[in-house]
Amino acid sequence: MTMLLFNLVLALMWVVVSGSFTLLNLLFGFLLGAAALYLIREEGNMSYIGRARLGFSLFLLFLLELLKSAWRVAVMVLSPNMNLKPGILAFPLRVKSDAEITLLANMITLTPGTLSIDVSEDRSTLYVHAFDCSDPEAAKADIRDGFEAKILEVFR
Amino acid sequence: METVLSLAVACLLAAAVYLLTSRRIIRMLLGVVLLGNAVNLLIFTAGRIGPSAPPIIPGNLSVPEGLIANPLPQALILTAIVISFSFFAFLLVLTYRTYEDLETDNTDEMRLAEPEEEGLPPLGY
Amino acid sequence: MNLHDFAVAFFALALTGALVLLCIAFLLTVTRILLGPTLPDRVLGLDVLTNVAIGFIAVIALDSGYTLYVDVAIGLCLVGFLATVAFARFILSRGKTEHLRREARAGIDAEAGLSGGQRP
Amino acid sequence: MIGDLVLILAGLLVLAGSAFAAVAALGILRLPDVYTRMHSASKAGAVGAGMLLLALALTADSTPTALRALAAVVFILLTAPLAAHLLAKAAYSVGYKLGPESVLDEMPPPRPTNVGTDAPADARNASPQPAIDQP
Amino acid sequence: MRTIIFRTVAPYLTSLMVLFSIFVLLRGHNEAGGGFIGGLIAASAFGIYGIACGVGPVRRAMYFHPMSVAAAGLMLAVLSGVASLVVSAQFLTGLWAFPQILGSEVAISTPLFFDIGVYLVVLGAISSIALALEERDTD
Amino acid sequence: MEYSLEMLKAEAMVTAPVAASDYLIILPILVCFIFGAGLLMMRKRVTQQAYFAIPGLVLLFAIDVAVLLKVAAEGPWTMMMGGWKPPFGIAFTVDMMGALFLAVSGFVALACGIYAVASISSTERRYGFFPFMFLMMGGVSGAFLTGDVFNLYVWFEVLLIGSFGLLILGSQHNQLDGATKYCFLNLVGTTLFLIATGYLYGVFGTLNMADIAIKAAAMENDSAVYVIGVLYLASLSLKAAAFPLNFWLPASYHTPRFVVSALFAGLLTKVGVYALIRLLLMLFPVEHAGVTPVIAWIAGLTMMVGALGALAQSDLRRLLNYMVIAGIGTIMAGLALPQVAEVMVAQAGPAGELAAAASTAAGAMQTGLSGSIYYALHSIVVMTALYLTAGVAASLTGSSSLAQMGGLWRSTPLLAALMLVFLFAVSGLPPFSGFWPKVALVRATIIADMPWLAAAILVSGFLMTVASARIFALAFWRPAPEVAEASGTEAAQAPHPSAPAPGLYGSWSLVPLLGLTVFVLAAGLWPEWLARLTDAAAAGVIDPAAYLSSVFGDAP
Amino acid sequence: MTGIEATNGYIALALPFLAAALAPLLTRVLGQHAAWPLAIAPAAAFFILFGAVPGVSAGDVFLFGFDWIPSFDIRFSFRLDGLSTVFGLLITGIGTLIVLYSGGYLAGHKDQGRFFSFIFLFMGSMLGLVLADDLMTLFVYWELTSITSFLLIGFDHHREAARRGAIQALVITGGGGLALLAGFIVIRELTGLASMTEVLAAGDALRDSALYVPILILVLCGAFTKSAQMPFHVWLPNAMEAPTPVSAYLHSATMVKAGIYLLLRFHPALGDTALWTTILPAFGAVTLVVGALLALRATDIKITLAYTTVASLGLLVMLIGVGTETAIIAAVLYLIAHSLFKGGLFMVAGSVDHGAHTREIEKLGGLGRAMPITFAAAMLCALSMGGVTPFVGFLAKEEIYHALEYADPYYVALMIAAIVGNALMFAAAFIVALKPFVGRMPETIHHPHEGSLTIWIGPLILGVAGLVGALFYATYHQLFTMPMASAAVGAPVEIGIGWVPHLNLAFALSMATVVLGIVIYLLSARLRAGIAGFLAAVGWGPDKGFDQAMRGLIRAAVRITRLLQPGHLDQYMAVTIAVIIAALFGPLIYTGGWPAIPAFPRLHFYEWAVFALLLAGILPVVLATNRLTAILSLGIQGFAVALIFMLLGAPDLSFTQFMVETLSVVILALAMTRLKLSVADHRPLRDKVQAGVLAIAAGSGFGLFLLSIAQRPFDRTLSDFFERYSYAIAHGRNIVNVILVDFRGVDTMGEIAVVMVTGLAVLALIRIRVGPKGVRYPDPLEKTP
Ligand code: NA
Ligand code: NA
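Read top to bottom, the protein sequences are chains A, B, C, D, E, F and G. Residue 102 in the UniProt record's numbering sits at position 102 of the first sequence, and the numbers go up by one each step. Residue 4 in the UniProt record's numbering sits at position 4 of the second sequence, and the numbers go up by one each step. Residue 63 in the UniProt record's numbering sits at position 63 of the third sequence, and the numbers go up by one each step. Residue 81 in the UniProt record's numbering sits at position 81 of the fourth sequence, and the numbers go up by one each step. Residue 35 in the UniProt record's numbering sits at position 35 of the fifth sequence, and the numbers go up by one each step. Residue 25 in the UniProt record's numbering sits at position 25 of the sixth sequence, and the numbers go up by one each step. Residue 371 in the UniProt record's numbering sits at position 371 of the seventh sequence, and the numbers go up by one each step.
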């Protein structure tokens, strides 16, 4: 089912990108999408992709955060003396599935001052590099209450 | 533009030659890449630099609108790029394997095909 | 000056400004690539260079009106990512390969009953 | 009228985007270690290129072109964090240390049993970067 | 590089890139693109897939050995050239048909098949190289 | 005004229907590519590959012969790829010279293919021996057939990469070393060719050979054309392994499998020679005439370097490498004769001798070129045969070192006899194939008043005779070194790693050798059939009117 | 010549080759008795040729042949006149006896069939040589005799001496052959004379030619090497390594006479000049005396004979050089006589060897009782050789002294040489023919025995022939010597000399020679020691010189080759690039094709920036000592190139360049990171300077030439065509792509073939692994059963 949805997404993308809005092209796009998905049949795990609408709102949030983040970085880089206290935080994860972890990690990367480095072997911890580690617990709380909460809301 | 391109070709070629005459194969490989780029720019320049409109016919016409860049050198260069990339890939892997087996990337130390300590050929009959 | 003229003039100015900024960006990025000092630094530089080049292409496309250059930009997105992934991959595995190769060869030489390290 | 406004918006985007790109470049030059530079690269770099592509999408003469430009933006957003993650992970695993101004490292040092084996143990301890990079 | 994050995203990225590569291939006749670039993009896609998920899945995904794909591509390109023999034309003369399928005109031509051949060769050969190198590395 | 599609097509395309027999001109390449690709697809079925490869090579040879027969019967013909009018599309034009080279190359490829069945290991087959060979032959055939300069570059690259594949197949250490030298130096050579082609396009705006020939004839003493001609000379001299650009050959040809060396020795350098004749002599006769003194020096030195190199070697394979080079020098001698009457006339002096000098020059040129082509064809066959025979010999004695081989005249007289024939042939002794072209070349050089070049040809032949006699005496006549002798320090060393396994002496190796012998004897005892063809080929190069009109029709 | 006669001629020429083909088979079936049926072939050829004798003795010349290689203007043609016919008779007649002799001599030898084949091949070649008319035909046979004699001398190939002898003969006669070829070609091309007939008919054409001297020298090189004139004689004694039938045949009767034949043949056309009458007698006289002395020095009777052959050849050359009618007649008489007695004596030597198992003169004696027939044959031959009447040798010697009896220092010197040489040869003849048979038999000889019929019949017949020829001298002259001499002189001659001595100066000298010969014979042991001592004191001779020359040649070759092929890729590359630069600058300077000074280019600032980026990429690639910096800079310059393409309207190129460049850098870094390379990668300053010079030269040269081309007007016809029809006919809007897949699709086809092969080659490189010493590592993917 979710495979089918992703396939439809691919078909639509095909139509959009190729710029020919005909039934035939949509069908063709669907077939191509199916073929492309067949290639990754082993790794595909679509269980939560369906929630596209919530996902979209997440995406908007994410864009906004990204812009803010970029701005913060820009300001920092341009400031005459960069007052940095960087370091790596170990963030205990509540999200468990691959997709959730991935989403969280990527979002953390694109948000101000943080960058996910790795997930521990047991998937319990996300290691995050942060510009400002003067107060690690506050930084972790920011993540926990921000993106992680939002993701849990979307996916559960 | 041709002047600057000629200069660019000269620089690329000079760099390529400088690297190709090295004893280190890795350097020679870099030289091969530069050589390829030099030749591509050379062909491009030899086909003259005219207008910079890409040689693509707009959707509503059947011939290009106005003057366009010379398409033929572009096609030739595309072929040449692909070929030189293939050769580069091959040479790279060859270098890699050579290094693995002969444990050197210095061509001075590669003396298996033409060994150094060869005696005279048989002088009898 | 009506809005249209202003828009056009502003846009042209913006493009020129953008080109200046991007040229500066090229310069800075190249400096980082050359300075290093570590491989990840250089790779990062190349990554930024890719992004700057994408931007440059977009601006040139706007400047010349040949918007089809966006395809080149897309291609560059793809390979830029590939390059970074590949470099990351090899930063990760460097040292490992040599380490194992030496062991593997020693093992096979031992099997063949030959003394290691000698070559014909 | 709308077109002119769009053009002005595009002009703003172009300026902002190129500024971000330049800042990203400056960032990787100024920031002290590879991990902090990654922030600059992944955020400012991606945003800069994204904005410029967005400007292109706004002024493109055909819809498909515009959509392709948007697709490119999406792709950049999709890949930028991934690239940063992979690079950072690789750098850390092999033993590139945080810069001296860092205040915290909660990440366990690379262990020989897992990915840490990627780097020879002595190389990790002896020097922050492997010999190959030294001039 | 088999991190959870990468492994989760890579398959989608791969399928997207493959799709894009086909797009580049098919419209190369009219705009920037073509078989070579398409093939390179597809090979890059498989390269990313391989780095994320390992060589095995890529081999299974392609089903055929990459070199066989390349060989099939060369054969397709050659045969699309020979097709002109059927109409007593010179080798590689382009033959075009514009059938109506589901109400839209579709251009089917020997140059298209030729370009698909190029695509397959590049895809096959480059991914073969990538996989061979990657395999040595992980073994 | 609106054009209909038909009108446009009539304007732009060759609309006349094509006879199926015209397809012969592209078939060699198609066969090579299809069989190469097909064999690649079945690369894991190593035992069955031969059942496809050998018929494929037979087919290739049959097509090549058919092309030759068609050219002999009807003269040069052209096919415009894609149906575009000349000079816009890529022209494939075959004339007598191309057809001759093509047929002989198909012949030696078949011989090598049969030989390979027994001598190439299953691992090497699995990793593409036959596909490499077919693709290389595709490149070789394309080079002989194409009438487009850039396309010629592409075929050069195809054959070069195919040769790379064959060269490294086996991954012996000396192979890797040799391949490194071969690959880098040849890459420089082809890149120079591409550079020259870029300049050429910049000057003429066209790539079609016939078109260039016509345009070049209209340009009087153009300095750019002169430079381009010399650049081609340098690049193709490298491909042909002419002194002083011959380093890559002795550095590498002895490292791959014998059958691969055989194929290389026969074909690759000759493609360079072919292209040199095609480009320099046919397209730029005026410029060629200007550089004939240089070519003469190249030829003379190449002969000497090759012959002395052969004497200096203690390994049979490396010795044969130098024989290839000596052969190239001999071939180049025929290209060193001034083609343009004016040059001769300038030397002749008094105006009264003008006509005589002009006709003498033309005669010398044609004799010399005919001799060169003849010698090249001979060299293709004989060098292949020598490496193949050496391969069998090395497999029987376990070594290719002259010091360690021996006893073959006693143990395998047939093989020894074949070797003797090939050695005499390569030395240019009668009544074998190398003699007549050498006579033609000496005659031409003497007519052209270059006695020192004639002397060089003869002296190099003499030195080759010495080298040949030494090979035969040391490796075939001399009894095999005693076991007791070998049990000293030398026995501790394993046999040379690239020496093939014993047991190569059988019909898989003898049948191709006997086939090659037939050529050597036929071209030695009844040379007229070949001489007539090479004469026609030379005439077609000196006066390419037929070639040009096959491309452009009667009114170019 | 009529058709049937021509057919006979071809049959005679072909018979030996036919026999050569049949010999192995017959030998396998019949063993040694195969000699009898095989001897039919030369015998038949003899009779066919004999059929021509009446005609040629009447002065007729038979010509036959056909166009062999019309393209090269070469005929396969033959000429039967007195000279060639008599030579042919000697070749086939003695050949018949040799074949019979070989049957017995090599009885039971496991390679007898092969031996017969070679002998017949040689016979056919020799016959062709003397009968040939077209110069090229002649030369082909000439070289064939060298080749076949190589095989025959090396017949006992397990001995190094045999191999050496074979190589020596091939080197010397082959080398001379090449000179002869040059001479023939000069004759052909510069005088237009293509055959012997034309040469002979041309009168003074060759003598008057501006190239007379080179022609003469080249022809003499051929003749002197083949006919073993000092110092080229060394190969002949060494050729004695061949089985005795070969020595008897090749090295006395036939092959060594090829040079004499050539001189006789060319005498009418090239002779009688100051050069001719100086060079030939000089070489001949020296060869005669030295050869005869060396004959005396030898202890092996075969070697003794070999040196007497050298001496005889010297005598012949000397006579031909004198060139008077009498001298030519003397030469002809001596030539035939020599063939008969020397062939016989060689066979005798073989029989002695066969019977007594040694050829050492010191170890021979008293065989006469056990081998009476051989003894008789030996004496017949020796008497002829000694110039004793009534043998043909006597006729020859008389005529020789006749020819030289002039009171002129030139002739006196030659006469002295002739007398000394003849006396020495007289002694040598009896050393070989008498000494082994008389006296006490050494104990080292066990059970000496007469050989079979085939062994003794040959020498006996030849010995008797020498007697019969002299006894029936009128017929002898009529049939053989007069036709031959006439052909060699170029005009009909009369020969009347008979076996009955006339008291004149010649006879007196003959007698003196005999007396001197007897004295030498009696003192032979002492003389032998004396000469040996002298030679040992000198310590060097042409034979040693040959070895030194060969070794020197090889050593020089090794030195030159190592210099030219040092095995270092960087040197190869530097020279290659230097040559390329020379190829660029040479014509550029010669023709002055430099560009005009260009105007300062007007570029946008961002275009300048891109070029600056290019430079910023190139410089570190070249200069960085850190390899990774170099590699990533490579990426920078690649990006710059791609941007240049984009700025100049080539999106496809730009697209591809970006992708390819990135991939290149990726795989380069990939490989780099795996190679454990040294950190420092310094180039020595000398290298840097050398590379820098080459780099600057190459860059500036190619750049300037590019600029000069870019300044020319450009013919854009092709691109206009593509633009016009790209969409209309090929239905493509992207003209570049349409060029790639349609207009120039064949390029692309080749290109993808390159890509495919690259994939496969890389696979082969990576998968096939070989350890040290050729141990093959298992293919990681190869399924193990
Ligand atoms: Na080559
Ligand atoms: Na060759």
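Treat the hints with care, since some could be wrong.
Said to hold, decoys possible - Dumping the calculated DMTMM-like pairs for lysine to aspartate or glutamate here, alpha-carbon to alpha-carbon at most 25 Å:
1) D:97 / A:122
2) G:110 / G:450
3) F:9 / B:65
4) D:97 / A:145
5) F:9 / G:720
6) A:140 / D:106
7) F:9 / E:135
8) D:97 / A:65
9) F:215 / G:494
10) A:85 / D:4
11) F:215 / G:450
12) A:85 / D:106
13) F:9 / G:715
14) F:85 / G:450
15) A:96 / D:105
16) A:85 / D:61
17) D:97 / A:121
18) A:140 / D:4
19) D:97 / A:135
20) G:688 / B:108
21) G:688 / B:65
Simulated from the structure, these hints should not be mistaken for lab results.
Hints and how they fare:
1. D:97 / A:122: Roughly 23 Å separates the two Cα atoms, so the pair holds.
2. G:110 / G:450: Distance ~22 Å between residue 110 of chain G and residue 450 of chain G Cα, so the pair holds.
3. F:9 / B:65: Holds - the C-alpha atoms of residue 65 of chain B and residue 9 of chain F are around 21 Å apart, at most 25 Å.
4. D:97 / A:145: violated, 30 Å
5. F:9 / G:720: holds, 15 Å
6. A:140 / D:106: Holds, at about 12 Å.
7. F:9 / E:135: violated, 52 Å
8. D:97 / A:65: violated, 28 Å
9. F:215 / G:494: Between residue 215 of chain F and residue 494 of chain G the Cα gap is close to 72 Å, so the pair fails against 25 Å, i.e. violated.
10. A:85 / D:4: Answer violated: residue 85 of chain A to residue 4 of chain D is near 45 Å, above 25 Å.
11. F:215 / G:450: Since the Cα atoms of residue 215 of chain F and residue 450 of chain G sit roughly 85 Å apart, the hinted pair is violated (cutoff 25 Å).
12. A:85 / D:106: holds, 14 Å
13. F:9 / G:715: holds, 23 Å
14. F:85 / G:450: violated, 88 Å
15. A:96 / D:105: holds, 24 Å
16. A:85 / D:61: violated, 47 Å
17. D:97 / A:121: Distance of about 21 Å is within 25 Å: holds.
18. A:140 / D:4: At roughly 45 Å apart (the allowed maximum being 25 Å), residue 4 of chain D and residue 140 of chain A break the hint.
19. D:97 / A:135: holds, 21 Å
20. G:688 / B:108: Within the cut-off at roughly 16 Å; holds.
21. G:688 / B:65: Not OK: residue 688 of chain G and residue 65 of chain B at ~51 Å, beyond 25 Å, violated.
Checked against the numbered hints given earlier, the structure breaks hints 4, 7, 8, 9, 10, 11, 14, 16, 18, 21 and satisfies all the rest.
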